[in-house]
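Colleague: Whole structure, please, built from the sequences with the hints as guidance.
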Amino acid sequence: MTFLIIAAGILVTALLAYAIVNYIPRKLHWIVSIVLIALAALLIYKINFEIRKPIKFNKAKKARYAKVINNLKIIRDAEVAHKKVTGTYTANGENLIKFIDTAKFALTQTRNVPKTIDVGGGITKEIEERVVDTIGYEDVKAQFIGRDYKNMLQIPGTDQKFKIEVGFVEKIAGLKAPVFEVKVDKALILKGMDMNLVKQEKEAIGGEEIRGEYVRIGSLGEVSEDGNWPPFYDKGDKKDNE
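For the record, in the sequence shown the residue sitting at position 153 is 152 according to numbering that gives the first Met the number 0, with numbers rising by one throughout.
Just so you know, the hints here were simulated from the structure itself, not pulled from any lab data. Every value quoted in this text rests on a predicted model; they were computed, and no experiment measured them. No incorrect hints appear here.
Heads up, simulated BS3-like pairs for lysine-lysine below, C-alpha to C-alpha not over 30 Å straight-line:
hint, residue 1, residue 2
1, LYS83, LYS97
2, LYS160, LYS66
3, LYS83, LYS72
4, LYS66, LYS83
5, LYS190, LYS162
6, LYS66, LYS234
7, LYS103, LYS140
8, LYS55, LYS66
9, LYS162, LYS201
10, LYS162, LYS82
11, LYS201, LYS234
12, LYS201, LYS55
13, LYS149, LYS190
14, LYS234, LYS52
15, LYS97, LYS160
16, LYS60, LYS190
17, LYS58, LYS149
18, LYS201, LYS58
19, LYS103, LYS149
20, LYS190, LYS55
21, LYS72, LYS103
22, LYS198, LYS160
23, LYS45, LYS190
24, LYS190, LYS52
25, LYS82, LYS140
26, LYS149, LYS162
27, LYS201, LYS66
28, LYS72, LYS97
29, LYS83, LYS160
30, LYS83, LYS234
Modeller: In structure tokens:
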């Protein structure tokens, strides 16, 4: 687009210069000069606008993505807590919020206990058996202090909510592992922004950009609790968790 504007500006300037020399009386040259100055100013403005447009787009999109990713991280941590307590994930977002409010983690302690076993023929053997004791409980909610988990299902900047999908993946023959996935179309997050830039954004292949058409966490195709965004969006996590 910027190239076309520059090319058009050069063509118009050349045509005006030719017209001035061959067709326009000298006494009217001052009017043409004013027109040329105005066109030059307009051309400079348009070029500057086209150059700055993707810069402004990138700044705005990162701000929008950051809000969405923050909610996805809360959902992910809630799902991880749910799996730790119940053994599986849940697709019911409202129940997940209730789970945070009411569930408890069992605090355990592992110890080795001496045990005598009979190996046959009147022979015994001393072994150590690992025993796990429950020594108390901790509220799941304690891990979400300062985090707006009550609104984690809301897709920021929209009137829609995240959809949580769950399933199972067969890691090895006969052994299936629970999985979950939450994703949102980039076009929904970037609604109202330049459509050409949004289209380019949906074709991103990674690097410093969020790859693919969606902002996603988890996967229904593999055992993963990770998001598909670059580390840039996780920079504040370590500091926040300290």
